[in-house]
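Undergrad: Now for the letters of each chain:
Protein chains: 2
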Amino acid sequence: MDLNNNVDFIYTDWSLIETRFDPDKIHHRETVFTIGNGYLGTRGTFEEGYSRATPATLLHGVFDDVPIVYTELANCPDWLPLSITIDGERFRMDRGEIISYERKLDLRRGILSRFIRWRSTGGKTVDLQFERFASLASEHVTALRCQIKPVDFDGLVEVQASISGYPENQGFNHWELIDQGSISKAAWLNLRTRNSRITLGMGLGMNVSGAEASVIVTNPPGYPTVITSFQATSGQAVTVDKLVTFFTSRDVENPVQAAQQELADLPQYSTLLKEHSLAWEQAWDKSDIAIEGDVRAALAVRYNLFQLLIAAPTNDDRVSIAAKTLSGFGYRGHVFWDTEIFILPFFIYTQPELARNLLTYRYHTIGGARRKAVHYGYKGAMYSWESADTGDEVTPRWLPPNDPYGEDIRIWCRDREIHISADVVYAVWSYWLVSGDDDWMRDYGAEIILDTAVFWGSRVEYSTKYEQYEIRGVIGADEYHELANNNAFTNRMVQWHLEKAIATQDWLREKYPEKAKELETRLQLTLSRRLRWQDIIANLAIPYDPNTKLIEQQDGFFKLEDINLADYEPRTKSMQTILTIEGANKRQVLKQPDVLMLLYLMRESQEFPYTLEILEKNWDYYAPRTDITYGSSLGPAIHAILASDLGKTDEAYHNFMQAAMVDIEDVRGNAHEGIHGASAGGIWQAVVFGFGGIKLTENGPVATAHLPQGWKRLQFKINWRGDWHEFDLKAEGTNMETLHNSNSNIKGVIFDLDGVLTDTAEYHYLGWQRLADEEGLPFNREANEELRGVSRRESLLKIIGDKHYSEEQILEMMERKNRYYVESIENISPKDLLPGALDLLEELRAAGIKIALGSASKNARPVVEKLGIAKHIDVIADGYSVQQPKPAPDLFLFAAKELGLAPNECIVVEDAAAGIEAAKAGKIIAVGLGPSERVGEADIVLPSLENVHWQDLQAKLTDLILQPS
Amino acid sequence: MDLNNNVDFIYTDWSLIETRFDPDKIHHRETVFTIGNGYLGTRGTFEEGYSRATPATLLHGVFDDVPIVYTELANCPDWLPLSITIDGERFRMDRGEIISYERKLDLRRGILSRFIRWRSTGGKTVDLQFERFASLASEHVTALRCQIKPVDFDGLVEVQASISGYPENQGFNHWELIDQGSISKAAWLNLRTRNSRITLGMGLGMNVSGAEASVIVTNPPGYPTVITSFQATSGQAVTVDKLVTFFTSRDVENPVQAAQQELADLPQYSTLLKEHSLAWEQAWDKSDIAIEGDVRAALAVRYNLFQLLIAAPTNDDRVSIAAKTLSGFGYRGHVFWDTEIFILPFFIYTQPELARNLLTYRYHTIGGARRKAVHYGYKGAMYSWESADTGDEVTPRWLPPNDPYGEDIRIWCRDREIHISADVVYAVWSYWLVSGDDDWMRDYGAEIILDTAVFWGSRVEYSTKYEQYEIRGVIGADEYHELANNNAFTNRMVQWHLEKAIATQDWLREKYPEKAKELETRLQLTLSRRLRWQDIIANLAIPYDPNTKLIEQQDGFFKLEDINLADYEPRTKSMQTILTIEGANKRQVLKQPDVLMLLYLMRESQEFPYTLEILEKNWDYYAPRTDITYGSSLGPAIHAILASDLGKTDEAYHNFMQAAMVDIEDVRGNAHEGIHGASAGGIWQAVVFGFGGIKLTENGPVATAHLPQGWKRLQFKINWRGDWHEFDLKAEGTNMETLHNSNSNIKGVIFDLDGVLTDTAEYHYLGWQRLADEEGLPFNREANEELRGVSRRESLLKIIGDKHYSEEQILEMMERKNRYYVESIENISPKDLLPGALDLLEELRAAGIKIALGSASKNARPVVEKLGIAKHIDVIADGYSVQQPKPAPDLFLFAAKELGLAPNECIVVEDAAAGIEAAKAGKIIAVGLGPSERVGEADIVLPSLENVHWQDLQAKLTDLILQPS
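Going line by line, the protein sequences match chains A and B.
By UniProt numbering, the letter at position 794 of the first sequence is numbered 794, and the numbering carries on one by one without gaps.
By UniProt numbering, the letter at position 244 of the second sequence is numbered 244, and the numbering carries on one by one without gaps.
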């Protein structure tokens, strides 16, 4: 798997930056750029609207009926639409010309921004700066700002800011329009869900500054719109702020009135932004994880935590986090074990109030769990595999075919994936253990633990043949096996659950005897039930062989047909898709860890069957049989932790990054359906429990760091029984101040592109020549030599010489030359790699040396892709990366930083004098390619990369260091 | 069942008039007021829009994917929205006050109009006259006109005319917005279906006349809108015309361009209307049925034919008529046997080109039928029970539960209701027989007949035990039995089909030997297949007992548990709902005719097993066991024809009206889902084949009329082999000129309301008194006596006397008094009936006397409802019915006409002098109630209705006639 398949991203410590608008990726990027505030989530859809866009704003708890999956989170009216018309032509990136583009998610402040310089088909150039946020300080408020600055014209600009009352869940609109209207210069909208009858009130306001602007409100049915228009002047920015408020009948009596009132009371945009930023500062103060030495990982970890923080309900304990958070339509907003087992630890340890909200949801929905138990003929509370507003089972029963003659596929999870009840209890227990919140345990947790224990008492069967208790006909954690008897994960979790149930009852009796009595009466916790629990604990089948130390995943698993996953590589599909459902059922292939998942859950408390030895034996057996790449996204983070425990650092890091990048880089190809919430939660556990090695002792948490290669420092906090514990872990032997400049220390190579890896210098020359000829400027190959490594603007200025041109003309010429160049590089292919380049890249790769590109070109990315070397390059620093061009050192320093390396851990390979100068200025060893008159200033001079090997270079570097400087 | 449950309708020969806006009935009325033109259908949604409205515009063939039912007709953008703002207040009938209201569907010209006098909450009164049509002359064009006339103010009026690009199929929006824009003062919209990728272009234009009006175009996403605003002046009408064009990629290469062009080329509204009216005149010239003597039936028959005419594709032979036409979402636009068996005869006999289009659809979709055969393991073509664009089977397989623990219900029609293939062939054969269209038969029909015969050859099984061919495991016409062996209907239809297949092959060989050869090769019509067909014809099980003449519906039917449907009365649900699916399966209860359906289909050609004797025996057995009221809507019309054949005239008429009113009066409670197309088709057959008794002879069609009671004349045309045959049938012994005025001839009683049936005279008095007191006008009980039977305006003028009031003041006072009155009558209940009234009404009812109300009051309908006597009254003539008030005779004459009676067949019962005078003027016998000084002019004077019986009245009438005049 190529994890670095999104070369149009730049990763910095706190920001995810998209450098290119790619219409084919809009659905993926809508998920990636989701923002939210724990009340609502909004996908990263563009304000101006595109045909196939899938905008979504999802509010916690706003469910409505739908066939097959029973209920789903209803997509709410889209608050983003902002249509900008420049002198009669509507701004859309698929028309006209994008001159520059950058979209940035600022994780630290929860702000999504976008800068575009766009030229209309009519030739008007405009700078547009968008910015949006969902206020973390005022959860009913969202805000959007757009700054509009004409570059080369004066003219009429019109901006329409709307709420679209026609949102859709994959085509379905859950809303009925009740009414709409306007008050002074604001509009409002009042809607109601079709079936659940939840009303939603929204307010819409607009402020314009920087121009004399008219503001009018129009009210096409379902589409309240505020329109402003103004005369814009070249070089002068006009700012349009759009403010939107949301209230539902889940929040207040009269939502539309509340939305109007809130809107009327709002402060200025800048004040809202300040309050919002402050709230984020406070959230990160508790929840941040800082990683030094691996900027990609550092960003990815923060990204995943960000997505969890915006999904957690701040003021509502009747909702929980859905499998896809509030970021997409996948799994319809339903809640799975993903929340309790994967996501909750992050909140338990860093935001315990949010963890409490999430767990209290299970208390409020216990009625649904009881109805489910009754339906299946059991007692107590049987939690639903998929749960929504009421807790009733909402897992679809059938997957309907599309083809008129296709067959429906029966989905068995609702009936059989019963471990969910123990999973909920595992989370309840963890929360209690870590928070020490006895009040909550007494009022909420205990009832959950005990009534689900009652369920197990009715679900477990006794086998007279084997004289043991059994749990038959289940799906375990591994969903490739759809009808398992005595699934090890399920059985041990049930046993563990019953142990905790007895402990809970004892604790209650001791500490809160009245509550104990009340629950014993209401839940019928008779003595005979308690004795039966003890009997089950003692006699429940756990298929563990003390000789081999192997735990058999389920009855007969080891007798299933064996499999060698390598036989199926390379693949891009799950093993179930390849083998069919039936084929997977009868083979020893796992969708995700099952026995290993059990060991992971028992690891922290060192309970049976966890020992390092058992882990080792079972890892060796199960890990190779687990479809970790295309099975469940829940697997990789867990494998990362266990591999880390077992000293398999590379494998751990690989699994970890697979999980960390699942959404940003769309590792599984399904990120458009929404954020992988469980994977995000697993990331926190992998860093803190895995790489940080946090273990709970009687005196609180202690760390034993196993940092991945390259990580220099890892910092995070956790809360243990009300106290904060801060951890600042450094790589063993790492001391940044005392790093020596020795060749053994070279960990990265930064290549210039043109003239080094390929010969686009020729294409540049041809582009400049054509331009110069058209403008009647003197230019030739010799003059071209002067342009090596020089930025586009500087190059042009050199060609122009003394002749006078206006700024506008200069911009036009730069773009003209670029157009010629871009046209000519369309045909670049791997054949255009310079001799020796590919061999050296591959050698470096094999030697574990990181590779960056450091090119002044703004076309570096497409060129690298066309050359087919994108997969060899870790970081691209290009014409968009820094302000100061070579010979300033900025570009190479940026590249080094992105590689996670100090400058003295890198070398630069350059063919231009300006580039050599830049490297020297950055205190980076420079390798010059070409004649001495050009690159003589370099530390090492070579004619080209032909026949240059890493070993030779290393030798030269060693020589260099031994030489007196 | 109360067929007359819609007292807010007036029926005239050609118009259906709704007299009241009832928000609870909007979905039903949207269906009822559907208009269309064979290209599209548009439900009768109000232009101004209401929360729970279900607007729909459905275009033939525009299908798109959807789960469960595979594909459905995609609701297209709503072209109706017209929002009118009167001095800042938006017109909506649920705010402000409706002063008068009338909606009219003019069937003759295909125009839906509405007149409202509305007063805003701000007190501004305006007359609005809406008119809309889908041009029958230019199928891509729809038009809407609104005339706006302020009654009592001058002010600003704004009109927004939009296309809503957010149509929905019960919440689901099938469309993606591609683009939109405007050209001069017109807007356009370009959309594409999500899955089937059909593009739709629409144009929107507006013309305003009668005021200086600005027109601007705005384009909120998906909601192109043309806005006009103008200063309106009291008493002066301004006319706004909205014109819309539609093209899809099914029609042209570039739909949006075509829509723009068509819009640009359109003539004036008035010209469009003229062309449209002319096209309707031509259509009715062929297809009309005129009935005299029963205005309700006359209107209903035309209404049903209208609904069929607007649903039939004029220029497209790749589509057919869906079960719910283009008028609603029921059955998702899928095509059933409803078209071939129920609807087609109307077209075959009156619009053969349309019939050909509909049948050619089956030819174009034979590929789907072949795929279905392959899927089920058979040969040839197996038509789909539900068919859409491709002919593939689109019957849903499951009915999913709503409740999370409910069970899905398996729907077996796709697998088992196989008679559809024979039904299609029945229609092909009928078309050929009637039209004599040999070319079509050669090119299309023959292949359908023969390839479906191939299917039967593979579907029929041979039973060695019984030495016969059998068809096992089917659903017959009666869908209450879901797993039948040797269903009589299916087996005989298959046998008949194979007979026709052999005849077709012989005919082809004889007449078109090359085509015969081509088909024989392509369809593999081997000799062995033909011999097998013959063998099947000879040996297929047809469970007929020549002794009893009974045909057993299926193997073992007579052994099922018997049922007495009367035991379940009264009921409002189907027997299947009452008994459950399983319960109905095991009883002798039918959803709809099955054996009787077979007899009906074989009746015209007098083929086996049809004889009148067999019909009689089987009617007596099956009719009482058929759930004709709440089973299938396909049943009543067929029962009506057979009952008519058997001389059961009353039953025939009852069944006929049940079918005729199924949509207008929502007899089954499901008319909101769309027009019952099959029932509408059945109506034509019931009138022409049943009451008209049309039989085909060698010399063409001949009639033997069995007109229902009261029908004086029945006229229609049919086309037989290219020639038109006109029929003008009169009731036996009916001679309108020679009807005598004898008491035996009294067939109807027309009651005044106030002072006769109830005492609202007192409420009127109180209303007038209050008004008079407020205005300081002299008035008392004595003066009130003068107002009996006098219209509201005349009453007021009497009270005012000489005093001067402006017209506006008069209008206001009339409404004020009415408001007082309406407030006071809110509490009327059956207790308020005057003594004797109810007894007399029931006696008249029992004696078969028709009853009308003839009241000047505009509140007559609500009063009648509150009194609980609506079910006793056939016709209501009220303040809306005629222009001239009593003492003019118009109201009573109107009532008589509506009853289908001559004036001399009626008597009037009145308490007011003006009423007696009106009756006399209309030459209607008058019964006066009250003192002689008031009603002495009456023919018969009685103190009140107390203790008045029909027998006594009859006696007095006889006396009267014997008296010298």
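Worth double-checking, as some hints may not be accurate.
[As the list claims (entries may be wrong)] Think about it this way: if two alpha-carbon atoms lie no more than 20 Å apart in a straight line, the pair counts; the simulated DMTMM-like pairs of lysine to aspartate or glutamate are:
hint: 1; chain 1: B; residue 1: K185; chain 2: A; residue 2: E89
hint: 2; chain 1: A; residue 1: K25; chain 2: B; residue 2: D87
hint: 3; chain 1: A; residue 1: K500; chain 2: A; residue 2: D438
hint: 4; chain 1: A; residue 1: K185; chain 2: B; residue 2: D87
[To be verified] Listed next, the stretches of chain A that the computed footprint assigns to chain B, with coverage defined by at least 3 CB atoms under 8 Å from CB atoms of chain B:
hint: 5; segment: 49-61
hint: 6; segment: 172-178
hint: 7; segment: 214-224
hint: 8; segment: 228-236
hint: 9; segment: 349-355
Hints in this document: simulated from the structure, not taken from any laboratory.
Beta carbons: idealized from backbone N, C-alpha and C, even for Gly.
Undergrad: Evaluate each hint against the coordinates.
TA: Results of checking the hints against the structure:
no. : hint            : result
1   : K185/B x E89/A  : holds (17 Å)
2   : K25/A x D87/B   : violated (48 Å)
3   : K500/A x D438/A : holds (15 Å)
4   : K185/A x D87/B  : holds (18 Å)
5   : 49-61           : holds (count 3)
6   : 172-178         : holds (count 6)
7   : 214-224         : holds (count 5)
8   : 228-236         : violated (count 0)
9   : 349-355         : violated (count 0)
The structure fails to meet hints 2, 8, 9 from the earlier list, while all remaining hints are met.
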